[in-house]
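Residue numbers (this note's numbering), protein chains in the order written: chain A, 787 to 1120; chain B, 787 to 1120; chain C, 787 to 1120; chain D, 787 to 1120.
Do not rely on the hints blindly, as some may be mistaken.
[As the list claims (entries may be wrong)] Each computed BS3-like pair below joins lysine-lysine, with the alpha-carbon atoms no more than 25 Å apart:
{"#": "1", "chain 1": "D", "residue 1": "Lys1066", "chain 2": "D", "residue 2": "Lys887"}
{"#": "2", "chain 1": "C", "residue 1": "Lys929", "chain 2": "D", "residue 2": "Lys1011"}
{"#": "3", "chain 1": "C", "residue 1": "Lys981", "chain 2": "D", "residue 2": "Lys929"}
{"#": "4", "chain 1": "C", "residue 1": "Lys789", "chain 2": "C", "residue 2": "Lys899"}
{"#": "5", "chain 1": "B", "residue 1": "Lys966", "chain 2": "B", "residue 2": "Lys981"}
{"#": "6", "chain 1": "D", "residue 1": "Lys789", "chain 2": "A", "residue 2": "Lys1066"}
{"#": "7", "chain 1": "D", "residue 1": "Lys898", "chain 2": "D", "residue 2": "Lys919"}
{"#": "8", "chain 1": "D", "residue 1": "Lys966", "chain 2": "D", "residue 2": "Lys899"}
{"#": "9", "chain 1": "B", "residue 1": "Lys1011", "chain 2": "A", "residue 2": "Lys1112"}
{"#": "10", "chain 1": "C", "residue 1": "Lys929", "chain 2": "D", "residue 2": "Lys1114"}
{"#": "11", "chain 1": "A", "residue 1": "Lys868", "chain 2": "A", "residue 2": "Lys1022"}
{"#": "12", "chain 1": "D", "residue 1": "Lys919", "chain 2": "B", "residue 2": "Lys800"}
{"#": "13", "chain 1": "C", "residue 1": "Lys868", "chain 2": "C", "residue 2": "Lys1112"}
{"#": "14", "chain 1": "C", "residue 1": "Lys1112", "chain 2": "D", "residue 2": "Lys1066"}
{"#": "15", "chain 1": "B", "residue 1": "Lys898", "chain 2": "B", "residue 2": "Lys867"}
{"#": "16", "chain 1": "D", "residue 1": "Lys867", "chain 2": "C", "residue 2": "Lys1102"}
{"#": "17", "chain 1": "C", "residue 1": "Lys1114", "chain 2": "B", "residue 2": "Lys1036"}
{"#": "18", "chain 1": "A", "residue 1": "Lys1011", "chain 2": "C", "residue 2": "Lys1095"}
{"#": "19", "chain 1": "B", "residue 1": "Lys1011", "chain 2": "D", "residue 2": "Lys1011"}
{"#": "20", "chain 1": "C", "residue 1": "Lys981", "chain 2": "B", "residue 2": "Lys1066"}
{"#": "21", "chain 1": "D", "residue 1": "Lys901", "chain 2": "C", "residue 2": "Lys929"}
{"#": "22", "chain 1": "C", "residue 1": "Lys1114", "chain 2": "D", "residue 2": "Lys966"}
{"#": "23", "chain 1": "B", "residue 1": "Lys981", "chain 2": "A", "residue 2": "Lys1022"}
{"#": "24", "chain 1": "C", "residue 1": "Lys966", "chain 2": "C", "residue 2": "Lys1114"}
By construction, these hints were calculated from the structure, which means they are not laboratory data.
This one's a predicted model, so the numbers in the text were calculated from it and none came from an experiment.
4 protein chains.
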Amino acid sequence: MVKIAIIGYGYWGKNLVRNFFSLPHCTLYTVADADPKRLQSLKSLYPGLNSTSDIESIFKNPEIDAVVIATPVFTHYTLAKKALLAGKHVLVEKPMTASVKEAEELIELAQKKSKLLMVDHTFLYTGAVERIKHMIEAGEVGKINYIDSTRINLGLFQADVNVLWDLAPHDVSICFHLTKDLPYSVQARGISHTKNGIENIAYLTLNYQTSLIAHFNCSWSSPVKIRQMLIGGDRKMILYNDMEPTEKVKVYDTGFEVNSHEDRTKIIVDYRIGDIYTPKLQTNEALTGMAGDFVNAILSETEPVSNWKIGLKVVKVLEGASVSIKAKGKEVTL
Amino acid sequence: MVKIAIIGYGYWGKNLVRNFFSLPHCTLYTVADADPKRLQSLKSLYPGLNSTSDIESIFKNPEIDAVVIATPVFTHYTLAKKALLAGKHVLVEKPMTASVKEAEELIELAQKKSKLLMVDHTFLYTGAVERIKHMIEAGEVGKINYIDSTRINLGLFQADVNVLWDLAPHDVSICFHLTKDLPYSVQARGISHTKNGIENIAYLTLNYQTSLIAHFNCSWSSPVKIRQMLIGGDRKMILYNDMEPTEKVKVYDTGFEVNSHEDRTKIIVDYRIGDIYTPKLQTNEALTGMAGDFVNAILSETEPVSNWKIGLKVVKVLEGASVSIKAKGKEVTL
Amino acid sequence: MVKIAIIGYGYWGKNLVRNFFSLPHCTLYTVADADPKRLQSLKSLYPGLNSTSDIESIFKNPEIDAVVIATPVFTHYTLAKKALLAGKHVLVEKPMTASVKEAEELIELAQKKSKLLMVDHTFLYTGAVERIKHMIEAGEVGKINYIDSTRINLGLFQADVNVLWDLAPHDVSICFHLTKDLPYSVQARGISHTKNGIENIAYLTLNYQTSLIAHFNCSWSSPVKIRQMLIGGDRKMILYNDMEPTEKVKVYDTGFEVNSHEDRTKIIVDYRIGDIYTPKLQTNEALTGMAGDFVNAILSETEPVSNWKIGLKVVKVLEGASVSIKAKGKEVTL
Amino acid sequence: MVKIAIIGYGYWGKNLVRNFFSLPHCTLYTVADADPKRLQSLKSLYPGLNSTSDIESIFKNPEIDAVVIATPVFTHYTLAKKALLAGKHVLVEKPMTASVKEAEELIELAQKKSKLLMVDHTFLYTGAVERIKHMIEAGEVGKINYIDSTRINLGLFQADVNVLWDLAPHDVSICFHLTKDLPYSVQARGISHTKNGIENIAYLTLNYQTSLIAHFNCSWSSPVKIRQMLIGGDRKMILYNDMEPTEKVKVYDTGFEVNSHEDRTKIIVDYRIGDIYTPKLQTNEALTGMAGDFVNAILSETEPVSNWKIGLKVVKVLEGASVSIKAKGKEVTL
């Protein structure tokens, strides 16, 4: 039985509380938030649950085995460090930290303390991503030639981080989960339409030594909501459209032929080469899977799916992207 | 009555012949193609029409007022130059030429000879683009903050030019048609999955001194066909989806607010801020409008919509993009 | 302050409890259900809330002002009658009762006792239906010529009522809400693919003396989920697609012309005659509006939107449809 | 080599001429139309082709082997009869004739004269219908429980026949092609919004002794164009959406279970039970297949796919439907 404390009862914290509250093999011991209004709202929904506005008390309490951190990014490092120093396992919201330096320090500390350090990249636990991962590992998709992601909508502009730090962690973590290839450089270009200079539109490219290229289109300023990823293998191509209620993943039996043929009529009319297969997906809530993986990784001392390695890679990409944006799209070697 | 010769009876040449054949105020005098098979196919459809495999004869014939060039890009410069030197008006397929140098030479020659030099950027004559242009000029859209274009499908890989030279002219010409802003630099990144090293996937960014950013996602390797452009103004945002049979243009009454508000639930559930308006569009064939504009510009000595200025800007962007791709995405000043 | 008891804590009862629990101007006094497991599940979510497995105690308790009945259809009459006899206001789930006779008896009783009798046709409180109603009342849509509804999905076959009793109340109540016309007859045809003979697919037509026709396609056996209603006026036509996340209501500026013209090409290519307008809709939960209307109707002694008149008309149609189905689609006069 | 004459150069006649003109194993001998303007338009496209405004000359000409009739429905019988009496094979546009009596007389005559009598139900030759037919015959779909068809759009109101005679032949012929079951009765209800009393909206049901039910929703008054057919088998269900450019046929691995289970949450969230398969379809023009089948059936003396049996069944259904509509939806035994 893992005794868990959650720090932060904001938007995502509510979902974490709901999930850990009913999860087996763990007890939600307490919830901490500096804002008493939020704790009141917690009380009305979970009258029996402990809560505190004294965050430091969490670290001092020897009863607590693990801490879940759902606070703004810039606080992740400090809170996770305190928790690890206090000998607790840590699950931190994505992105892991605000810098690579912070992430590496936490990782080293976790290893020294032999504690689990995990990042909540929830999307890795969706039925869609699990299915795609399975197809790739089974060799059905072949060598992956490109990942092309669009995650745009009319979103809330954040005050502290740009649109890449907000939206790209989802897709970049999926990218690292699906392929073993590592990019050698990143490039990003963005624009801010607000006075604070924080980019609300940004484009990110990951460059690889292999045949792979990965591109991410992120925006808070689109009138339509698009959450779409194309994964192009040399055997199959996959369209992952997260806005589709039931047909999120479509697998195309589609090669493409090099041809200097002049007449393009046929290919234009009939650009599909084979059948399409739309697999049935698991519909369990992804966050439940993530929470369960955290508890299970602690109990069985195994590595969770959304481990610190992926978390670190994501922060490296985001940091590199920030440098690149400030240098007007200059290539930044990782 | 403008007497017209068309050079090249390939895929697009067929459409040009069909349109100029029935256009008022002009006569389709002859069609030239080096391939006798194509001329045979022309004969079977238009038994009364002149045709020739001797392209040089076109330039020598004093009867011919104007020449339409629908041949591969690398031949545009030579053929257009000969036609201009022979004192003929010229309509050339997009992109205008294979280099800026060639384009500028043609433009200078046309001015010296007082002949029309026009580029066939057909999309500028679609009901959709005409309507969007009209809304922008009427001030309905406000200041344009971004143009985000995706033109991907499972296409025929071309042997001589990369995917940007093939697909981007459509969207880049629309971009220059809709905004008066001029980019100061371009950046592009691409990848080739074939031995000839010609990029089949590429991403292009235009950077402006204003609040505008323009991004173009082009691919011959997508299992799904997407032709979508988002035009974000500070008053309205427009979604132009060319795959929609009847609802190609949607106009969103959508501002976005800068807000440091923590709770994102509301915005996620209800990200639309106003009504959507889907205007009825002209459904005339765009190519008919382009051909008519060419004839009319000759007869009335006015500037056509798809003029050499746009044609030149497009070639500048494509040339800059090629340099940038070879330099691994380095920013290239225009 | 209206003191409310809810009978039935099944699928819909849970939503009713959640809404009445947080509604102003009323107190959720208690929840009754014969099944102790359900009451336990209630306790875990609402620890402070009263509950009872003794349904009769509700009627005896003079503290309770109003009873909400969310039990299977065949029990509505008995429970509502007891509540009215005990001098309580009644809100009953749709459809109101299992027969017209039962409905009329309840209505008479409610009038005698001067108590509110209301039916929960939740859809009348959706932003979509409210907007359509508003447009029709403002004269924008003109005379309504047809209502064509499709509500099909892969649904749970019910053991006691056929697909019309399960699905049609939504659309039939909307139909009566949007038009003042009254059908003079109904016809229905259905088929059962199960041994119990309960129809899982059925088609229902309402016939009017006016120019209106209304048709309802209901099925539990469709692999795709469709919830779509076309409302054709002589000024505008409306497409109400409840599966669309944000564009549920589209208004078409579309007349149609009587024309003996032989050439159909043009109309086939361009069948839209005007613009499309997609209004922004209220996104409040419909059930909250319904619950609030119930409480408000009690306090202000006004007629609620989803009143017994609509409830009775719906039961008349359903009863007529059942007769028609058994008589193989014979027309049944209402 | 079959020598063919086409009577009628209207909307559909143009497509027939285009197809028979380039078809192997036959010669398009002449085209007849009473309207000289149409013949002029024919001349401009096919300068070498014979044409005549004297329709009777077709029947007298012993050179002509087969006659294709593409004239209004009410003329089919007279023209086809003359052609058969003159010893010519006949292909007639759908629907075959304006009455069952006429159809039966033609059939008898064709048999007496040993000539082919075929009806152009083009949809039977689409890649979509061919694929569905193949799946059903291979037993993949199982026993067919329902066919539910919607064919609605903003169409041209016809002056002589109602919407069922115009639109339903497509879907009814597909229905007879896909299943061997024969309906014992039809029912139809319609409404006319024009002074001539011709129904522009109609609903048609075919009743079977088996577990099958077939329903057809036809309208010229819908603001949206829908061409959709659901085919529900007890093993698989098929969605045939003819408006989809590339994914016209989707096959659902979807059974449905009889269950008295009270909690409907799960089924609502997850109503799909298995995978979806979207087969690649043949993209040849259906009309080419139909024309080729006509020529081949003459030459090889075999039965074509779209034979007179299907043609007759369709006319029987249409005639029965007309009787039913006039009798306010009364069941009409076939």
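Take a quick look at whether Lys898 (chain B) and Lys867 (chain B) sit within 25 Å of each other, Cα to Cα. Given pair Lys898 (chain B), Lys867 (chain B) holds - Cα atoms ~12 Å apart, limit 25 Å.
Against the 25 Å threshold, does the CA-CA distance of Lys929 (chain C) and Lys1011 (chain D) hold or violate the hint? 22 Å, holds
Would the hint linking Lys981 (chain B) and Lys1022 (chain A) be met if the CA-CA limit is 25 Å? 20 Å, holds
Regarding the pair Lys901 (chain D) and Lys929 (chain C), is the alpha-carbon distance no greater than 25 Å? 53 Å, violated
For a C-alpha distance cap of 25 Å, please report whether Lys1011 (chain B) and Lys1011 (chain D) respect it. The given pair, whose Cα atoms are some 22 Å apart, holds under the 25 Å limit.
Against the 25 Å threshold, does the CA-CA distance of Lys981 (chain C) and Lys1066 (chain B) hold or violate the hint? Violated - the C-alpha atoms of Lys1066 (chain B) and Lys981 (chain C) are around 51 Å apart, more than 25 Å.
Between Lys1011 (chain B) and Lys1112 (chain A), is the straight-line Cα distance small enough, at 25 Å or below? Outside the cut-off at roughly 34 Å; violated.
Given the hint that Lys868 (chain C) pairs with Lys1112 (chain C), does the C-alpha gap stay at or below 25 Å? 32 Å, violated
Are the Cα atoms of Lys1066 (chain D) and Lys887 (chain D) separated by 25 Å or less? At roughly 41 Å apart (the allowed maximum being 25 Å), Lys887 (chain D) and Lys1066 (chain D) break the hint.
Please work out if Lys1011 (chain A) and Lys1095 (chain C) have their alpha carbons no farther apart than 25 Å. 41 Å, violated
Below or equal to 25 Å on CA atoms is what counts here, so check Lys867 (chain D) against Lys1102 (chain C). Outside the cut-off at roughly 52 Å; violated.
Pair hint Lys966 (chain C) and Lys1114 (chain C), alpha-carbon separation not exceeding 25 Å: 29 Å, violated
Of the numbered hints listed earlier, those contradicted by the structure are 1, 5, 6, 7, 8, 9, 11, 12, 13, 14, 16, 17, 18, 20, 21 and 24.
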